[in-house]
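A.B. asks: Each residue of the sequence shown is one higher than the last, beginning at 570 in my numbering.
Heads up, a few of these hints could be off.
[Said to hold, decoys possible] In silico DSSO-like links for lysine-lysine, alpha-carbon gap of 30 angstroms or less:
1) LYS674 / LYS658
2) LYS658 / LYS597
3) LYS658 / LYS725
4) LYS891 / LYS820
5) LYS587 / LYS713
6) LYS605 / LYS675
7) LYS919 / LYS597
8) LYS835 / LYS891
9) LYS658 / LYS835
10) LYS586 / LYS713
11) LYS726 / LYS713
12) LYS725 / LYS713
13) LYS805 / LYS820
14) LYS919 / LYS791
15) LYS725 / LYS817
16) LYS820 / LYS791
17) LYS919 / LYS820
18) LYS835 / LYS586
19) LYS919 / LYS891
20) LYS658 / LYS675
[Unchecked claim] Label-pair ranges, simulated between beta-carbon atoms:
21) VAL591 / LYS805: 19 to 27 angstroms
22) LYS835 / LYS605: 20 to 28 angstroms
23) THR715 / VAL591: 15 to 23 angstroms
24) GLU753 / LYS725: 30 to 38 angstroms
25) ILE892 / GLN828: 18 to 26 angstroms
For the record, the hints were derived by calculation from the structure and aren't laboratory data.
Ideal Cβ positions, reconstructed from N, Cα and C, are used throughout, including at glycine.
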Amino acid sequence: EQDIIPDTFRDASDILKKYSRVLLIEGKHAINQEFKMNYSDPNGFWTQPIFEAKLTSCIPVDPKSTDTPNSPRTYELGFRLPSNANPPKCLGELFVIHCASWEGKKCCIGMVGCEGVNTMFLRDQKYQEKASFRVWIVTSSQHKGTGWLAQENLPKKTPDGSVVDINMQIMSIGTTLTIMREYEGLKGLHAVGKHIQRAVFSQGVPTNVNEVVAKPSHQVEKPTTVPLPIWNHLTKTLNEHQIFAIAKILKNNTISLVQGPPGTGKSSTIIGLVTALLNGVGPKSGGKSPGTRIQAGQSFTTSKRLSANSSTNPGVTSVKSKILVCAASNQAVDDLAFRINNECFGPGGKLG
Numbered sequence: 570e571q572d573i574i575p576d577t578f579r580d581a582s583d584i585l586k587k588y589s590r591v592l593l594i595e596g597k598h599a600i601n602q603e604f605k606m607n608y609s610d611p612n613g614f615w616t617q618p619i620f621e622a623k624l625t626s627c628i629p630v631d632p633k634s635t636d637t638p639n640s641p642r643t644y645e646l647g648f649r650l651p652s653n654a655n656p657p658k659c660l661g662e663l664f665v666i667h668c669a670s671w672e673g674k675k676c677c678i679g680m681v682g683c684e685g686v687n688t689m690f691l692r693d694q695k696y697q698e699k700a701s702f703r704v705w706i707v708t709s710s711q712h713k714g715t716g717w718l719a720q721e722n723l724p725k726k727t728p729d730g731s732v733v734d735i736n737m738q739i740m741s742i743g744t745t746l747t748i749m750r751e752y753e754g755l756k757g758l759h760a761v762g763k764h765i766q767r768a769v770f771s772q773g774v775p776t777n778v779n780e781v782v783a784k785p786s787h788q789v790e791k792p793t794t795v796p797l798p799i800w801n802h803l804t805k806t807l808n809e810h811q812i813f814a815i816a817k818i819l820k821n822n823t824i825s826l827v828q829g830p831p832g833t834g835k836s837s838t839i840i841g842l843v844t845a846l847l848n849g850v851g852p853k854s855g856g857k858s859p860g861t862r863i864q865a866g867q868s869f870t871t872s873k874r875l876s877a878n879s880s881t882n883p884g885v886t887s888v889k890s891k892i893l894v895c896a897a898s899n900q901a902v903d904d905l906a907f908r909i910n911n912e913c914f915g916p917g918g919k920l921g
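From just these sequences and the hints, can you work out the full model?
C.D. replies: Structure follows, in structure tokens:
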């Protein structure tokens with residue numbers, strides 16, 4: 570599997586064709602690594618919360634795909650969740666769905682799909698509106714060795730178009746967002762300017778091209794502001810480029826820019842940086858001071874509440890330093906907030 574990438578590509582279509590499988594392999598490996606590092610206990614069992622869900626709708630994403638009965642088909646399952654359930658709903662989030670009444674295999678894999686797909690039958694829309702949570706699944710008679718649902722377990726519909734209420738359990742197991750971004754990046758290569766395409770696919774590449782890559786030439790030295798156990802955790806979960814970027818940022822007292830194409834790990838670098846800041850000392854602009862300690866928790870409390878608590882709890886003080894994490898879209902902010910809550914470590918352990 571490591572040797573399936575050829576030395577040269579003919580054009581953008583050739584890259585898309587031959588590199589797509591690599592993305593799937595890398596994505597599967599990333600999800601497995603995330604399970605080992607963040608979502609499992611010492612015995613190898615999942616530690617993710619399990620949500621009770623009631624099925625309310627089952628709508629084909631593409632009704633036109635009924636020509637071949639045995640071909641895989643995509644359906645959108647709609648669920649009603651308890652008011653206290655809040656699973657991640659970003660595009661590409663993966664879930665395992667369990668139903669005790671299914672024959673044979675009791676589980677299948679679902680993914681949060683695109684919104685606004687208007688291929689559903691009009692009579693199904695009223696049932697879709699009842700759902701507070703939706704995922705896409707694939708069903709096929711040839712489901713062995715996959716995460717697909719067996720065709721015989723597809724929820725049956727009543728004459729009025731509704732589905733019989735079925736109690737199921739769902740659990741978040743990872744995300745395909747990085748893979749999707751990388752794939753979209755590959756698909757977009759054909760739209761790149763011709764002069765850039767010539768440079769990419771030219772056989773006369775300059776021999777010194779690697780000189781422009783900011784790659785650490787030796788092991789990155791631990792910043793003095795980060796505790797050793799936290800630094801060891803970061804070096805085990807991040808690659809050398811991400812560690813290099815975090816170390817540079819922590820040693821810098823001005824603005825730092827981290828650049829990289831989609832899917833190269835910028836979000837993971839942010840997660841690691843937040844962990845380092847929460848457990849160490851943030852860089853401080855001006856003066857000779859190494860920085861100011863950042864405290865988690867109280868920074869989200871208003872000054873009025875702090876004042877009220879101070880009268881009864883003398884140990885409560887306002888926090889001068891805060892971490893502000895921003896992004897260009899609501900979805901990106903939601904994704905970062907979810908990952909910070911689940912993957913970042915503070916002085917008291919995991920934030921989530």
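A.B. asks: If a hint holds in the structure, say so; if it does not, say that too.
C.D. replies: Checked hints:
1. LYS674 / LYS658: Holds, because 25 angstroms separates the two Cα atoms, which is no more than 30 angstroms.
2. LYS658 / LYS597: holds (20 angstroms)
3. LYS658 / LYS725: holds (26 angstroms)
4. LYS891 / LYS820: The given pair, whose Cα atoms are some 18 angstroms apart, holds under the 30 angstroms limit.
5. LYS587 / LYS713: holds (25 angstroms)
6. LYS605 / LYS675: holds (23 angstroms)
7. LYS919 / LYS597: holds (24 angstroms)
8. LYS835 / LYS891: Holds, at about 21 angstroms.
9. LYS658 / LYS835: holds (21 angstroms)
10. LYS586 / LYS713: Given that 30 angstroms is the threshold and the Cα spacing comes to 25 angstroms, the pair holds.
11. LYS726 / LYS713: Answer holds: LYS726 to LYS713 is near 25 angstroms, not above 30 angstroms.
12. LYS725 / LYS713: Status holds; Cα separation ~21 angstroms.
13. LYS805 / LYS820: holds (21 angstroms)
14. LYS919 / LYS791: holds (22 angstroms)
15. LYS725 / LYS817: violated (57 angstroms)
16. LYS820 / LYS791: holds (10 angstroms)
17. LYS919 / LYS820: holds (25 angstroms)
18. LYS835 / LYS586: Given pair LYS835, LYS586 holds - Cα atoms ~26 angstroms apart, limit 30 angstroms.
19. LYS919 / LYS891: holds (18 angstroms)
20. LYS658 / LYS675: holds (23 angstroms)
21. VAL591 / LYS805: 19 to 27 angstroms: holds (24 angstroms)
22. LYS835 / LYS605: 20 to 28 angstroms: holds (22 angstroms)
23. THR715 / VAL591: 15 to 23 angstroms: Roughly 19 angstroms apart at Cβ, these two residues keep to the hinted range, so it holds.
24. GLU753 / LYS725: 30 to 38 angstroms: holds (36 angstroms)
25. ILE892 / GLN828: 18 to 26 angstroms: At 21 angstroms between Cβs, range holds.
Comparing the model with each numbered hint stated earlier shows that hint 15 is the single one that does not hold.
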